[in-house]
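Student: Got chain S; can you put chains L, E and D on it based on the hints?
There are 4 protein chains.
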Amino acid sequence: MVKIVGIGGSLRPDSYSQRALRLVAQRIEALGAEVEVLDLRDMNLPFCDGGDDYSAYPDVARLQNTVRAADGLILSTPEYHGSVSGVLKNALDLMGFEELSGKVAGLISVLGGQSNSNALNDLRTIMRWVHAWVIPEQVAIGQAWKAFDSEGNLVDEGLSKRLDQFAQSLVENTAKLRQAA
Amino acid sequence: MVKIVGIGGSLRPDSYSQRALRLVAQRIEALGAEVEVLDLRDMNLPFCDGGDDYSAYPDVARLQNTVRAADGLILSTPEYHGSVSGVLKNALDLMGFEELSGKVAGLISVLGGQSNSNALNDLRTIMRWVHAWVIPEQVAIGQAWKAFDSEGNLVDEGLSKRLDQFAQSLVENTAKLRQAA
Amino acid sequence: MVKIVGIGGSLRPDSYSQRALRLVAQRIEALGAEVEVLDLRDMNLPFCDGGDDYSAYPDVARLQNTVRAADGLILSTPEYHGSVSGVLKNALDLMGFEELSGKVAGLISVLGGQSNSNALNDLRTIMRWVHAWVIPEQVAIGQAWKAFDSEGNLVDEGLSKRLDQFAQSLVENTAKLRQAA
Amino acid sequence: MVKIVGIGGSLRPDSYSQRALRLVAQRIEALGAEVEVLDLRDMNLPFCDGGDDYSAYPDVARLQNTVRAADGLILSTPEYHGSVSGVLKNALDLMGFEELSGKVAGLISVLGGQSNSNALNDLRTIMRWVHAWVIPEQVAIGQAWKAFDSEGNLVDEGLSKRLDQFAQSLVENTAKLRQAA
Numbered sequence: 001m002v003k004i005v006g007i008g009g010s011l012r013p014d015s016y017s018q019r020a021l022r023l024v025a026q027r028i029e030a031l032g033a034e035v036e037v038l039d040l041r042d043m044n045l046p047f048c049d050g051g052d053d054y055s056a057y058p059d060v061a062r063l064q065n066t067v068r069a070a071d072g073l074i075l076s077t078p079e080y081h082g083s084v085s086g087v088l089k090n091a092l093d094l095m096g097f098e099e100l101s102g103k104v105a106g107l108i109s110v111l112g113g114q115s116n117s118n119a120l121n122d123l124r125t126i127m128r129w130v131h132a133w134v135i136p137e138q139v140a141i142g143q144a145w146k147a148f149d150s151e152g153n154l155v156d157e158g159l160s161k162r163l164d165q166f167a168q169s170l171v172e173n174t175a176k177l178r179q180a181a
Numbered sequence: 001m002v003k004i005v006g007i008g009g010s011l012r013p014d015s016y017s018q019r020a021l022r023l024v025a026q027r028i029e030a031l032g033a034e035v036e037v038l039d040l041r042d043m044n045l046p047f048c049d050g051g052d053d054y055s056a057y058p059d060v061a062r063l064q065n066t067v068r069a070a071d072g073l074i075l076s077t078p079e080y081h082g083s084v085s086g087v088l089k090n091a092l093d094l095m096g097f098e099e100l101s102g103k104v105a106g107l108i109s110v111l112g113g114q115s116n117s118n119a120l121n122d123l124r125t126i127m128r129w130v131h132a133w134v135i136p137e138q139v140a141i142g143q144a145w146k147a148f149d150s151e152g153n154l155v156d157e158g159l160s161k162r163l164d165q166f167a168q169s170l171v172e173n174t175a176k177l178r179q180a181a
Numbered sequence: 001m002v003k004i005v006g007i008g009g010s011l012r013p014d015s016y017s018q019r020a021l022r023l024v025a026q027r028i029e030a031l032g033a034e035v036e037v038l039d040l041r042d043m044n045l046p047f048c049d050g051g052d053d054y055s056a057y058p059d060v061a062r063l064q065n066t067v068r069a070a071d072g073l074i075l076s077t078p079e080y081h082g083s084v085s086g087v088l089k090n091a092l093d094l095m096g097f098e099e100l101s102g103k104v105a106g107l108i109s110v111l112g113g114q115s116n117s118n119a120l121n122d123l124r125t126i127m128r129w130v131h132a133w134v135i136p137e138q139v140a141i142g143q144a145w146k147a148f149d150s151e152g153n154l155v156d157e158g159l160s161k162r163l164d165q166f167a168q169s170l171v172e173n174t175a176k177l178r179q180a181a
Numbered sequence: 001m002v003k004i005v006g007i008g009g010s011l012r013p014d015s016y017s018q019r020a021l022r023l024v025a026q027r028i029e030a031l032g033a034e035v036e037v038l039d040l041r042d043m044n045l046p047f048c049d050g051g052d053d054y055s056a057y058p059d060v061a062r063l064q065n066t067v068r069a070a071d072g073l074i075l076s077t078p079e080y081h082g083s084v085s086g087v088l089k090n091a092l093d094l095m096g097f098e099e100l101s102g103k104v105a106g107l108i109s110v111l112g113g114q115s116n117s118n119a120l121n122d123l124r125t126i127m128r129w130v131h132a133w134v135i136p137e138q139v140a141i142g143q144a145w146k147a148f149d150s151e152g153n154l155v156d157e158g159l160s161k162r163l164d165q166f167a168q169s170l171v172e173n174t175a176k177l178r179q180a181a
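Protein chains in written order, with my numbering: chain S, 1 to 181; chain L, 1 to 181; chain E, 1 to 181; chain D, 1 to 181.
Worth flagging that the hints you see were computed from the coordinates, not collected in a lab. Keep in mind that a hint or two might mislead.
If chains are identical, the list can't say which one is meant, so a pair holds when it fits in one copy or spans any two.
As the list claims (entries may be wrong) - Lysine to aspartate or glutamate pairs mimicking EDC-like chemistry, simulated, CA-CA at most 20 Å apart: (1) K146 - D59; (2) K176 - D71; (3) K176 - E137; (4) K176 - E29; (5) K161 - D42.
Predicted, not measured: the structure shown is a model, and the values here were computed from it.
The shape of chain S in the complex, shown without the other chains (with noise of 0.2 Å):
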């Protein structure tokens, strides 16, 4: 059984690609995966400073070790300024090769404005960085204040059968990558 962790990249109260997160793990755990969200609204991360001594900060070790003993990753991320959050790249900066090397990875990001994929590029590339895989399946959910019903779903069938898909290709393809040669 893979373990996948999800990741949001919003520290906004009601933000909408913590949203879209949760719509995936559920799809995910469906699935018959294993799925652990961090919340880092909940958690007390501070800025990366190029070291390596965070001891003060326990949800850095948190983060690190959940992270580290998944077999895939959610990253969830608002697009801000055409590019990943600086909340979430900081998450990233806070780990490295031990805690992200071989995991396989997929990509959702959340717009204000018209659908774009620039965030998505810069989360692939940065993954790739730390040699990690991401699935060719990625969303990106533009005008995210009119994509949600009260329920919090997707109110658009397309968007929402694409991030089935997108969940059984993560839950595959994490299968498939992970098992031993």
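Tutor: Leaving out everything else, chains L, E and D in the frame of chain S:
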């Protein structure tokens, strides 16, 4: 006289990207421009939460006001995981069009390993997103640990000359682009 | 008076990117600049072989000479596979610093599906590589098959207005950047 | 047994990217995979015109059929102007989802100057666009003119070892990803 603000993307005490930023700032001053360096290590900035009330952190207003009043910017970042540091991206996330649009930016990155332009590419796209100009000259300093001598100058004369051209281009072209149409 | 050269990256007989290019060329001419459009459909260009003898193809010299004499460029490309068309990239490969360095470029992309800025991002990095300037304004035209009316004008007024701003910025800023220091 | 097709993006008679491709092809064959190299210098391909009738160029069908029948791909490109060669991009433009979707690709770039990963980044985004996988391992060979010895082998043992890991990863992970779910 053009006003340039420099922002360094590292919180490391002995940061090379901050050193590179100081070198450029000196050269820009010598060219007759006004320069102010905002050292993020001395500022108390929060993580961007997607909102706009940061009154609990006066340094956010200081960052915003200083950049708003500037004509040009130097952004100097360590390359973490093949991209801009989360620290610098977060500082940019705390600003928007009001501060950044129409400004002229020059980009510097510093790497522990082999030189690369990933962080510079990402920053270029990010700055365009907020409708800033980015000068074609850019400097990536690889293997930073051996790039500086004991007095903080660059060992490689080619790199040092490129910093000169960078400073020259930033000052000249900021003046050109910021004049009335 | 600034000289602008437009290059379209599509060989399709009824190309939308060529239409968009013509629209911009008209607006740029109306602003008092000189415009020449190089239609790659009417030129006989070879694939770039990494060498410098293209004497068997006089259109290579025509491309090089026309661009060398220009102050600014409009590059209009269909987005193929999330990037610039091979046709346009090859035309750029047939030139180098001598033709492209210091020029001021504006970028347009046209897509069959949803709007995206991948081709524009790649072109921005490519143009910087040859030390050209790229204006912050850029236009991506999604679902091109329904973007133009029967007279070849843009249906969406917002897009049309963005083309106006694009033309204005290209002419004004080319004039600023190309003046003597 | 996995089938790998290699495509080189240079038409230069003594191309280094083609040499690098041959080196990898040998290693992949030694690992028990089937390899076919499509040398674009020996094929008569037209520029992509956005249409789908290339019956006048039988090599288009040969390219398409060979890639369609493959499990994995090696794409080896010279870095021209900080991106993939127009020649290789055009060859990819002549194919689509039918040929490329679901394939597993490994990427190599060769540069005249200092190593960089721009062409690799662009290719990674392009291949994702057509729903291919790209392995995390990638190789950029800088200063190619001094990277190979007289027998066409890489002088730098570190680089040579990275090509080994690249070949190993491509074969192993193509096998994993192409198995039935």
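Student: Look at each hint and say if it fits the structure.
Tutor: Hints, verified against the model:
no. : hint        : in the structure
1   : K146 - D59  : neither (34 Å within a copy, 34 Å between copies)
2   : K176 - D71  : both (11 Å within a copy, 15 Å between copies)
3   : K176 - E137 : both (16 Å within a copy, 18 Å between copies)
4   : K176 - E29  : within (17 Å within a copy, 23 Å between copies)
5   : K161 - D42  : neither (30 Å within a copy, 44 Å between copies)
Checked against the numbered hints listed earlier, the structure breaks hints 1, 5; every other hint is satisfied.
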